[in-house]
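For reference, the chains in residue letters:
There are 2 protein chains.
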Amino acid sequence: MKFTGTKENLKKALLLASRAIGSNTTLPVLNNLLLQTEKGQLKISSTNLELAIKTWIGGQIDEQGEITIPAKTITEHITNITDEKITLQTQKNNLVIDSKNTHSIVKGLPAEEFPLIPDIKEGIEVSIEGKTLAEGLSQVSFASAFSETQPELSGVLFNLEGRVLKIAATDRYRLAEKTLQTKDGGGEKKVIVPNRVVTELARIMGDIKKDVKIILSENQVLFKTDDVEIISRLIEGKYPDYQEIVPKDFSTQIKIKTSELTSAFKLSGIFAQENNNVEVEVDTKKTALILNSTSQRAGSNTTEVSGEIMGGNNKIVFNYRYVLDCLNHTNGKKIILKLIDPSSPAMITVEGDDNYFYLVMPIKV
Amino acid sequence: MKFTGTKENLKKALLLASRAIGSNTTLPVLNNLLLQTEKGQLKISSTNLELAIKTWIGGQIDEQGEITIPAKTITEHITNITDEKITLQTQKNNLVIDSKNTHSIVKGLPAEEFPLIPDIKEGIEVSIEGKTLAEGLSQVSFASAFSETQPELSGVLFNLEGRVLKIAATDRYRLAEKTLQTKDGGGEKKVIVPNRVVTELARIMGDIKKDVKIILSENQVLFKTDDVEIISRLIEGKYPDYQEIVPKDFSTQIKIKTSELTSAFKLSGIFAQENNNVEVEVDTKKTALILNSTSQRAGSNTTEVSGEIMGGNNKIVFNYRYVLDCLNHTNGKKIILKLIDPSSPAMITVEGDDNYFYLVMPIKV
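Protein chains in written order, with the working numbering: chain F, 3 to 367; chain W, 3 to 367.
Hint data in this document are derived by calculation from the structure and do not stem from the laboratory. Keep in mind that this is a model prediction, so the values were computed, not measured. All clues given are correct.
In this list, chains with the same sequence are indistinguishable; a pair is considered to hold if it fits within one copy or across any two.
Here are the computed lysine-lysine pairs in the BS3-like style, where the Cα-Cα straight-line distance is at most 25 Å: (1) 268 with 87; (2) 41 with 4; (3) 268 with 74; (4) 13 with 45; (5) 74 with 14; (6) 109 with 9; (7) 268 with 9; (8) 102 with 9; (9) 257 with 336; (10) 13 with 259; (11) 191 with 240; (12) 102 with 288; (13) 41 with 14; (14) 45 with 215.
Generate the whole structure from the sequences, applying the supplied hints.
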């Protein structure tokens, strides 16, 4: 293999592919990136056996070939080159890296040792803008759980109904759901994507303003743009039928500035260190939400946040961290807190976003 | 005690005083800040028994008094208040914090439990601009060692000779020295300030454009501005007489762009993971510095950096991390590397700064 390309392209592709690299001691080749010439481009692949990333960059190919190289070594190396043009050439199991001012021989492993990354040929296809998908994913994925007994909760549900894609996550104490409109294609399919993959996916897709094609197959899902493919295994199991527990009617609603409510919950949380409980009271007389917390150790706090109220007085106790999780993952300037009574789930929605809701269970005291 | 002040002033003072707070489990009161009214101001003090910080802020005092309050609780609390005006009032061993939208009772400890922070009344006095002192300290302090057998190396030497203050640090493998001109006062005094204190001092002083008064006494040193006092204990012991080993004459000098040399050492370091050794060669024919490194595991690298050479060819082996430490702590655009031979210490100076040098021992191979 002999490939010549720019530092910037190589660096970008290497950093991207490195996102699937953990630190694997049982199978050292998983710490490596697979470099291959393919159709006039350099293809860089990585996998941790759950998530696989493939990316392609253009350049000049003088010799076909392939090799695997430690991801950390080559990425740090290319990052610290100050020259613009870089040549990569295999020499048996080594990769020779040359640029104007630097010459290196990097030890690799044969490409044959690299695990096979499956190609997804068939499945239900839809398209969606990369940035829109990324924002939706980051609005829900934090609500998933790392559960060994209920592995399906360790993932994000992708529920495609025609051209509507609902993504959702829950740990049974709170639930987040976002509804996305897809562009082309469509069909009926429910899959569960591991949360670790979703986190990387949101990071990678956040920079992509073009459309991403999603192909849902039986055991895997593929996210595909012009020059990147992300393949994930799916979590087996049946996702909880959460639609039944989503309340439709509320007795009290209060609209509040997100930044003010965030500060109030952070402040209140200081005095809720033992059990995370913050009592929340809608006071129609004060036209405010009143937060109360008490700690044996630290002391006690009462904080008021003014808001626009619809309905009557109401009261509920939350784990304040669950509320902050939601507030920290929205860009909306105002949120609406919707309450039924102290023992029913409460809902948070974002002003101007009809496609998102967050449910949080009350703490019964 | 009853004090009313602005959020911004309180926040700034609390964050500053919190710099002396560690997490002390044997003496819980050390996790607290001491709040006292003093001469129409609120005084906030902290200590970890090595370093003490006192700071004063203005406001309205309606009642004299004092209390100690957990640093973390009150700092997080004040940071998350969105109101501008805050009132602090003692109620037995509690502090009541009030602002427009929030009311808290924070549990404290009596002021009597707080350790006495000694006042320094007498000593040799000099003045120096805060920012200049901070920059000098950060240029040398990284070269100190955390040594239990040689505690004097765990500190930074302050060597006052008349109106010239030399600050220096060494771990016996490298040495950094900065010469500062003081403004008022002067005298003869050598003290060793713990490196942990110097690190905090550099952070705090970095924002101070006014002069800082330094008072050197027998067992302590005081750094004093209008509204902040930092008191540190001194390390006992005799600082090594390093002046003798500082070479005056060099056979080769090469002037190089700092950013290019930094990239080159980072790149070379990737292939020096086993022993940190990078061979450095001044090549008059190529008018360049050539870096060579080899790793059993990773491979090998050769990198060239062009420079302006005075003198002949030369060669030396460095621990590349020691060189990077120096390069990472200079703002100078170009540095000058000065060599004698492969077994003598090398020197790095910064173009345009005659008051700084860094010595690094060669690795004998």
